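Residue numbers (the working numbering), protein chains in the order written: chain E, 1 to 314; chain R, 1 to 314.
Treat the hints as calculated values from the structure; they're not laboratory data. Hints are supplied without guarantee of correctness; some may be wrong.
SDA-like mimics (lysine to any residue), calculated; alpha carbons at most 20 Å apart, straight line [unchecked claim]:
#1 K89(E) with L119(E)
#2 K187(R) with R32(E)
#3 K187(E) with G118(E)
#4 K187(R) with L117(R)
#5 K187(E) with G151(E)
#6 K187(E) with P197(R)
#7 K187(R) with P197(E)
#8 K187(R) with L198(E)
#9 K187(R) with V293(R)
#10 K187(R) with P234(R)
#11 K89(E) with V308(E)
#12 K187(E) with L239(E)
#13 K187(E) with P241(R)
#14 K187(E) with E225(E)
#15 K187(R) with G151(R)
#16 K187(R) with A237(R)
#17 K89(E) with R307(E)
#18 K187(E) with S199(R)
Predicted model only: the values in this text are computed from it and were never measured.
Protein chains: 2
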Amino acid sequence: MRARPWIEAFAPATVSNLGPGFDCLGLALRARGDTVRARRRDEPGVALLRVVGDGGALPCDERNTAAVAVAALLAAHAPGEGVELELDKGLPLGSGLGSSGASAAAAVVAVDAVLELGLPAAALVQAARAGEAAACGADHADNVAPAITGGIVLLPSLDPLRLVSLPVPPSLWLAVYTPGYSLPTAKARAALPTAVPLSRVVQQASRLGLLVHALHCGELALLGEAITDDIVEPARAPLIPGYLEAKAACCEAGAIACSISGAGPTTFAIASDRGRAEALLAILDEAFAAAGVAGDGFVDQVGGGARVTTGLLH
Amino acid sequence: MRARPWIEAFAPATVSNLGPGFDCLGLALRARGDTVRARRRDEPGVALLRVVGDGGALPCDERNTAAVAVAALLAAHAPGEGVELELDKGLPLGSGLGSSGASAAAAVVAVDAVLELGLPAAALVQAARAGEAAACGADHADNVAPAITGGIVLLPSLDPLRLVSLPVPPSLWLAVYTPGYSLPTAKARAALPTAVPLSRVVQQASRLGLLVHALHCGELALLGEAITDDIVEPARAPLIPGYLEAKAACCEAGAIACSISGAGPTTFAIASDRGRAEALLAILDEAFAAAGVAGDGFVDQVGGGARVTTGLLH
Numbered sequence: 001m002r003a004r005p006w007i008e009a010f011a012p013a014t015v016s017n018l019g020p021g022f023d024c025l026g027l028a029l030r031a032r033g034d035t036v037r038a039r040r041r042d043e044p045g046v047a048l049l050r051v052v053g054d055g056g057a058l059p060c061d062e063r064n065t066a067a068v069a070v071a072a073l074l075a076a077h078a079p080g081e082g083v084e085l086e087l088d089k090g091l092p093l094g095s096g097l098g099s100s101g102a103s104a105a106a107a108v109v110a111v112d113a114v115l116e117l118g119l120p121a122a123a124l125v126q127a128a129r130a131g132e133a134a135a136c137g138a139d140h141a142d143n144v145a146p147a148i149t150g151g152i153v154l155l156p157s158l159d160p161l162r163l164v165s166l167p168v169p170p171s172l173w174l175a176v177y178t179p180g181y182s183l184p185t186a187k188a189r190a191a192l193p194t195a196v197p198l199s200r201v202v203q204q205a206s207r208l209g210l211l212v213h214a215l216h217c218g219e220l221a222l223l224g225e226a227i228t229d230d231i232v233e234p235a236r237a238p239l240i241p242g243y244l245e246a247k248a249a250c251c252e253a254g255a256i257a258c259s260i261s262g263a264g265p266t267t268f269a270i271a272s273d274r275g276r277a278e279a280l281l282a283i284l285d286e287a288f289a290a291a292g293v294a295g296d297g298f299v300d301q302v303g304g305g306a307r308v309t310t311g312l313l314h
Numbered sequence: 001m002r003a004r005p006w007i008e009a010f011a012p013a014t015v016s017n018l019g020p021g022f023d024c025l026g027l028a029l030r031a032r033g034d035t036v037r038a039r040r041r042d043e044p045g046v047a048l049l050r051v052v053g054d055g056g057a058l059p060c061d062e063r064n065t066a067a068v069a070v071a072a073l074l075a076a077h078a079p080g081e082g083v084e085l086e087l088d089k090g091l092p093l094g095s096g097l098g099s100s101g102a103s104a105a106a107a108v109v110a111v112d113a114v115l116e117l118g119l120p121a122a123a124l125v126q127a128a129r130a131g132e133a134a135a136c137g138a139d140h141a142d143n144v145a146p147a148i149t150g151g152i153v154l155l156p157s158l159d160p161l162r163l164v165s166l167p168v169p170p171s172l173w174l175a176v177y178t179p180g181y182s183l184p185t186a187k188a189r190a191a192l193p194t195a196v197p198l199s200r201v202v203q204q205a206s207r208l209g210l211l212v213h214a215l216h217c218g219e220l221a222l223l224g225e226a227i228t229d230d231i232v233e234p235a236r237a238p239l240i241p242g243y244l245e246a247k248a249a250c251c252e253a254g255a256i257a258c259s260i261s262g263a264g265p266t267t268f269a270i271a272s273d274r275g276r277a278e279a280l281l282a283i284l285d286e287a288f289a290a291a292g293v294a295g296d297g298f299v300d301q302v303g304g305g306a307r308v309t310t311g312l313l314h
């Protein structure tokens, strides 16, 4: 019997929340992400054969985010079909870069291609959300949506799911730094307030309105003004050693904005060109190293979504 | 001694909140508003000489919104100057049409002209907010800001005050109906929840983001989707007899959106042309009449801000 062909898909890292966009806004990066290979198998359902790049931390079975997302995809759109997967982790775990979301996104895009389903983005996001629920206990879509569609995505409704692509200012650069320790999303979510005073609700909503306005106008200074968060950031900052010092140093150095990526500890800063972003990256490195949690970072722009990266391989 | 010349200014009715924009979004109407005449006097400070059109309900002294706003304006920008005012109420009191805000806006614009101060909009809004605080106990700016600047205004920050003008879709029409009874703003504010679950915060913020996006795209259908409010409307709807029935009838008739204007009881519905707006107005009239609170309404579009309406009259 001839071996079934593998199809490989890549899904990018994502920065979610972006200040006031907690649980409803995210953007796709370009440089880094996860890769999933998928191929048909005779037996129905999904099998994850291999995970590399995770240091052995992730389950290589049906509990893995990628497998959960694909199981949801098959159940909804291809019952009776079977696929097997291999996952290459390019993203660090528990980092706030949408690592679990990237695995789920790459997996559903690979399987959509293998089974020639041609599903719309919203259906892929829905399946990938099941993976997020398995990974962190909340089926938030602010990582998987940009990981699948690319760009900057607003989620004004989760049920029914609504994806709104927002304009991306071409001069938007990010310095993205992941301190050298892991913060499980579940722990970062547990730190959140359960209820918020009404005045803060107004503040948060109006800032997200300003953020959307800033993207439409392409005004980075307004965007920086909008990326302020008095609800989630104060709750999570204490979980991230060095964060407040790093933010202060970035702001002093002229960063347009600096905030926590997703649930953290990854921290991003915004600049209007590559050179300034690299300067901010050096500042982030210095600040987190001083806090004893030196890590790794990169500069990047907003990029495209998950895509098939090889043709049929053999 | 030659009589000092009067200058007259008009400020429009405003629809604030617009669903998810509670306390941070408002728009100016065209057709109706309040008028203030102002002229210099020798004695420092402000005197309100006459109020007409209020049925005797408003104080004709320094407690009146218009006088409070002008007192704040003088204190901040023209200490030692004196003015006297006459106020013509064109708007019903406690209606949710920004009645107190229109008085304050017209007053500060008239006095700015009389004293030839040439103040920027933000300074006029700041003074008018003092009038709002006197009228309803909260110095919210979502009525006075659009009453002064016109258009649709987002307020992403109150301190420092930030005004952001949003695009106005040219096909945006409103049916605006004021049921035949008054709801004091203070009572409507007392009905609000003091704290909001975090998931609702996300929902509210993302809807305001969608609303801003819809205005930039000029897509009324998206605007309608965005004008949904699960925080303020559920708290205030029980205070407005007939509201839920009126809203249901409007939505069934194809309204793009229907919600409470400001603190209510005025109810607005959105349509994409004058004819549809008039049909919605008839539906609102029928529904509120059936609830025993027949009132008065009009159709209108978004209009300009407060302005001097006469030259020197004397």
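Against the structure, the hints come out as follows:
For the given pair, K89(E) sits about 24 Å from L119(E) by alpha-carbon distance, which is inconsistent with the 20 Å threshold. As the CA atoms of K187(R) and R32(E) are separated by approximately 54 Å, the hinted pair breaks the 20 Å bound. For the hint linking K187(E) to G118(E), the alpha-carbon distance of about 36 Å lies beyond 20 Å, and the restraint is violated. Taking the CA atoms of K187(R) and L117(R), the gap is about 36 Å. The hint is violated against a cut of 20 Å.
Proximity of K187(E) to G151(E) is assessed by CA-CA distance (about 28 Å); at most 20 Å being required, the pair is judged violated. Taking the CA atoms of K187(E) and P197(R), the gap is near 19 Å; set against the 20 Å cutoff, the hint holds. Simply put, K187(R) and P197(E) have alpha-carbon atoms about 19 Å apart, close enough for the 20 Å limit, and the pair holds. A C-alpha spacing of about 16 Å is found between K187(R) and L198(E), which places the hinted pair at or below 20 Å, so the restraint holds.
Under the criterion of a C-alpha separation no larger than 20 Å, the hint pairing K187(R) with V293(R) is consistent with the structure, at around 18 Å. Proximity of K187(R) to P234(R) is assessed by CA-CA distance (about 15 Å); at most 20 Å being required, the pair is judged to hold. For the proposed pair K89(E) and V308(E), the alpha carbon gap of about 16 Å is at most 20 Å, so the pair holds. A distance of roughly 9 Å separates the Cα atoms of K187(E) and L239(E); the hinted pair therefore holds under the 20 Å criterion.
Taking the CA atoms of K187(E) and P241(R), the gap is near 46 Å; set against the 20 Å cutoff, the hint is violated. Between K187(E) and E225(E) the CA atoms are separated by roughly 28 Å; this puts the pair beyond 20 Å, and the hint is violated. Proposed proximity of K187(R) and G151(R) is contradicted: the alpha carbons are some 28 Å apart, above 20 Å. Of the supplied pair hints, the one linking K187(R) and A237(R) holds, its CA atoms being roughly 13 Å apart against a limit of 20 Å.
With a CA separation close to 16 Å, the supplied pair K89(E) and R307(E) stays within the 20 Å bound. For the hint linking K187(E) to S199(R), the alpha-carbon distance of about 17 Å falls within 20 Å, and the restraint holds.
Going through the hint list in order, the structure does not satisfy hints 1, 2, 3, 4, 5, 13, 14 and 15.
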